[in-house]
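Asks: Keeping the supplied structure of chain A fixed, place chains B and C upon it in accordance with the hints.
Here is what each chain is made of, one letter per residue.
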Amino acid sequence: MLSKNTAPNLKVREPMTDAQLLMTITIAIFVAMYGLAMIFMGGGFLRTQQLFDLLNDNAALIIVSCSLTIVMIGGGINISVGGVIGLTVMACALFLNDIGIQNSGLCIFLTLLLALGIGLAFGLLQGFLISYLDIQPFIVTLAGMFLARGLTTILSVNPVKVTHEGFLTLVKTKATISWLGYTAKNGNLIPAKLEIGAIVALAVVLLVYLMLRYAQLGRHIYAVGGNQQSALMLGINVKRTRFMTYLISGLLSGLAGFVFLMHKPAGNASVAMRSEMDAIAASIIGGTLLTGGVGNVIGTFFGAMILATIQKIIALSPLNESWWQEMANGAMLGLFIMLQSVILSNRGKRGKAKVQAAGRE
Amino acid sequence: MSMIKRVRKSGGLGQLLIPLVAMGILLLFNLFRDPGFYAIGVAVNNSGNRVLTGNIISIIDSASELAIIAMGMTLVTAACGGQDISVGAVGTIAGSIFVKALKGFSSINLGTVLLALLACCLVTVLFKLFNGTLVSVFRIQPMIATLILFSCGRSIAYWIVGSATPQIDSPIISAMGMTIPGIPIPTPIFGVILVGALLALIFRFTTLRLYTESVGVNEGAARLNGINPILIKLLSFVILGLCVAVAGVIGTCRMGQVSHKTLLIDIEMDAILAVAIGGNSLGGGRFKISGSILGAYIIQMLTTTLLAMRVDPVNIKAYKAVVIIIIVMAGSPVVKNRLTTLWNRRRSGGLHAASGRG
Amino acid sequence: MQGDVVLSMRGICKEFPGTKALKNVDFTLRRGEIHALMGENGAGKSTLIKVLTGVYEKDGGSIHVDGIEGETHIHSPQDAQNAGISTVYQEITLCPNLTVAENMFIGRMEGPVVHWKDYDKRAASILTGLGIPARPRQALSSCSLAVQQMVAIARAVDMNCKVLILDEPTSSLDEKEVEMLFTLMRDLRGRGVGIIFVTHFLEQVYAVSDRITVLRNGELVGEYAVKDLPQVELVAKMMGKALDDMAQLEQFDQKKAPGQDVVYEAERLASVNTKPFDFRIRKGEVNGFTGLLGSGRSESVRAIFGADRVTGGRIRVKGKDKKIASPHDAMKSGIGYLPEDRKRDGIIADLSVRDNIILAMQVMKGFFHPMSRAEMAKFVDEYVAALNIKTASSETPVGSLSGGNQQKVILARWLLTHPDYLILDEPTRGIDVGTKLEIQKLVLKLAEENMSITFISSEIEEMLRTCSRLIVMRDSNIVGELTGDELTQAQVMKTIAGGGAEA
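Note that the protein sequences, when read in sequence, are chains A, B and C.
Under the numbering used here, the first sequence has 102 at position 102, and the numbering climbs by one with no breaks.
Under the numbering used here, the second sequence has 1255 at position 255, and the numbering climbs by one with no breaks.
Under the numbering used here, the third sequence has 2301 at position 301, and the numbering climbs by one with no breaks.
In isolation and in its complexed conformation, chain A is listed as follows (with noise of 0.2 Å):
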């Protein structure tokens, strides 16, 4: 029997794993929903700006949500992630108003220091306190929302608005594609326009992606939030990969809130607010388990691209109240949670028969 076995080929098609399953049902359930919303609402859902504005709108929640695919895939939990983008848009409001220095270039990247150092600081302290003292992920993070959202009003309890003109400028600044524009009433073209920080979000999903795909450290995650104690027995190390789990997401929050302020260039001291439970619920949706090792930054996009399609979908329908979108961003993540019980059970009892079968001979 063992003779006839083939060479393992390399080119066989493998079968759906149950995460790629996952996935591809978030993609289908999007495209579906999009599709409807082109011919059931058409007007701006017929053109591509609609779909460059969910990205421009939504680009900070999708830069987060892949943060805390991130760290679930590890097998934690990070909701500080909101008030650390709080935090950073009200410090670099601050400091682009306050700097004066008069060569805006360095300005900018001063600013996007400072905003990729607050992110570093939070994973680092988080990180520690979690993967090296033992602490419960769900509280050092929850101590830490606090922290963030109490810096940020000691910072300014008002509203603060950037007047820095090199920063405007830049947040004025879109990348235009006239092919994917349309011919406005009047005969003038008007050419597809997507936000920088739309660009930004995309190539984090496209690095997060490869990261976790190609990178020696990606696969540690995987393995880690797999199975703590055979990534151990494996060789790896347990606690760095948790550490950086934290300390990415940390970082990616702070380049969140830097790219929210590029959209939306004014701190308060509510922005933000619950967008850590958005990105959690984007990363459900995208597939991703709570219970770690299983989860994928794509399907992350397509989450958080369902919840922002929603929101444009009741924003544009007569239903335009804010409750009604949380009713259905409630019901969507309740049916995805319910297909992952069912998908992750079916596959618990073929495991389990597996081994009796075995047990009986």
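Hints should not be assumed to be uniformly reliable.
Okay, derived cross-link-like pairs now, DSBU-like style, lysine-lysine, Cα gap no bigger than 35 Å in a straight line [to be verified]:
1) 2332/C <-> 1288/B
2) 2283/C <-> 2436/C
3) 2275/C <-> 2322/C
4) 239/A <-> 2121/C
The set of hints was computed from the structure by calculation and includes no laboratory data.
Please read these numbers as outputs of a predicted model, since none were measured by experiment.
Replies: Okay, now just chains B and C, sitting in the frame of chain A:
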């Protein structure tokens, strides 16, 4: 026998040591900072009642909702090894049902208030059973299972009452939310005592504590001893549901209105903190309700202390975070082990030196 | 050191609080041999393996590995790997969410970037070379357990291990899969790898091994070539009696004759983990289920207690039809059950000795009838004294007690409910000799008081001393029932060993 009892008494304190020390430090800090902090006075409030005033009264009063929810949260944590993050949202639903029911009645009297209370208990318990089923039968982690209601519960509350901040005005309502004429102590404090006493009675007259701890520590072994883990988990959610209903109603009566945006806002986070500060493991198992209540008052004490130090209310979170990090670090097993080995080394170091010479 | 010896362990000692797990044990492994390590539970096999793999630190003795000058010091699993010692455990210690190739290379990849194509190619060539039917890019969770085990072996082989430890690798594999594994083992033997094979299955030992080392009670019994040691003699060595002794071994005759009333009766009882079987026990009778580990003895009693999902069968308790679908049903019918795995299913580690003792009785009394403190204290004090449980106080968490005392706590838990029928699955496993005797005496005393008891133990002698009837199981089937004069070690072993015994 007598020795056994003695050990039990001293052993019981272990879990409460850190929260008690934290509370002690806060109390001492305030004593040195401003002895007037503890002054208690009598004043006449808007509705003409003589009421007790002072920081201590205000701490105990305003922590009521948190203390009540923390009690229920402790049970869910112990049985399921996870936390419910939808308590604030569901509490708001409870408030909305309460208001909606009262608006439906022609008048607000004791009877209709009780009926409304009953209705909102029923509805919250149903919501909690939904969460509990996801957790116990479908084995979804509590945080994820309750994330659904966390994100849409407040909208459901809004949808129930149909407007932003419906008001209810009645002497009964203000008696429930503030003070009863003739009694100078704020009513919510009695709410905490009532819920605490009921729980104490439940623990006294049922085996809930033993069953819950057994399920939390070792679900499989509990099942082999005839306990049904699913029922116990559901029950913990039902009790949390009742706590949430009471807290929601107290919060609503306190304001005389239900505001789905601000009622019990962020209380889920504080309740989980209270459970953790009380020395309870967030991974389930043995628990002390008294620890969580203490945790709730520590959180409120901290807030009030900071307010008394003229910290801007919006900035309080930052200071709170620092204190929380210090408390959880003190409870971290890694830190404890390090300290123990350091301590032992220092103590045995002398011994070794002595024996080395001999 | 001889030229072909790859591993030699000399005078290994290991002590745990209360027990000496290993007493001066020697073990020698040669290049290109499959060496079976045999012994019943508590014999010290797993302790020896854990010392070798760095999970435990040894208290005495030395380890030499071929190619390493002087003594080899192993303090962690990492040290063991570096010394060329790889282990494949019974529970798969790979990551199910990664691919086959990743599981083979993760944790020892070079550089920050993973070159998938290279690793996949290398994995493919190793898998082909070893004849393992897995694809490199396949998710590990989609492989059968056998293949997962083989992937773990492939990882070890690629790490150039000299010593490969297979700890119960076959316990969850079917026959075909076992055969595949054996083919792989023989192949590795041909390449000069020394393989330590730990198993409970006698046939498998004879199918694949070259040499056998037997341990008993933490001591070395001996090292034998397979061809010199017939199966029945191996069983005798594991059980601890020379064949001649066994024939002469007298049966304890102070056992009381059981009564005539049938207390419990099952017809074609089956659970998700058993084949249908019949069973009955009389009042005051002590019976035993015997057979090697994995023979289905524990699964059978779990079915009786309703611990696994029952799939069929009729049950009568004291003549009345009963439905026992859950442990609670069984308890209501007067059945108690001390589970095989004390840590996993028995104790509730964080709870106090008191709570652990009164738990079952409390459940019987019902949710609304909690026992008073005084009542609990009375019972707990009574049973702590009666069973001589050594604990600092009744508030001590049971997890901090020694194994023997933990077991007594669980015994106390069930005695407190005064069951008509008590099932004891390995009550003496991993506890010291004194406590073992205490428990045996207790069983006889309880039977005298008309309690029916099922007693399961890996030590035949113990069962002969206590049981008046032995049900022998092999491969989930009841293969014999011994009573009266048949209750001798020789007969039991013959029945356990089955066809091979005559050889």
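Asks: Where does the structure disagree with the numbered hints, that is, which hint numbers, in rising order?
Replies: Of the numbered hints, all hold.
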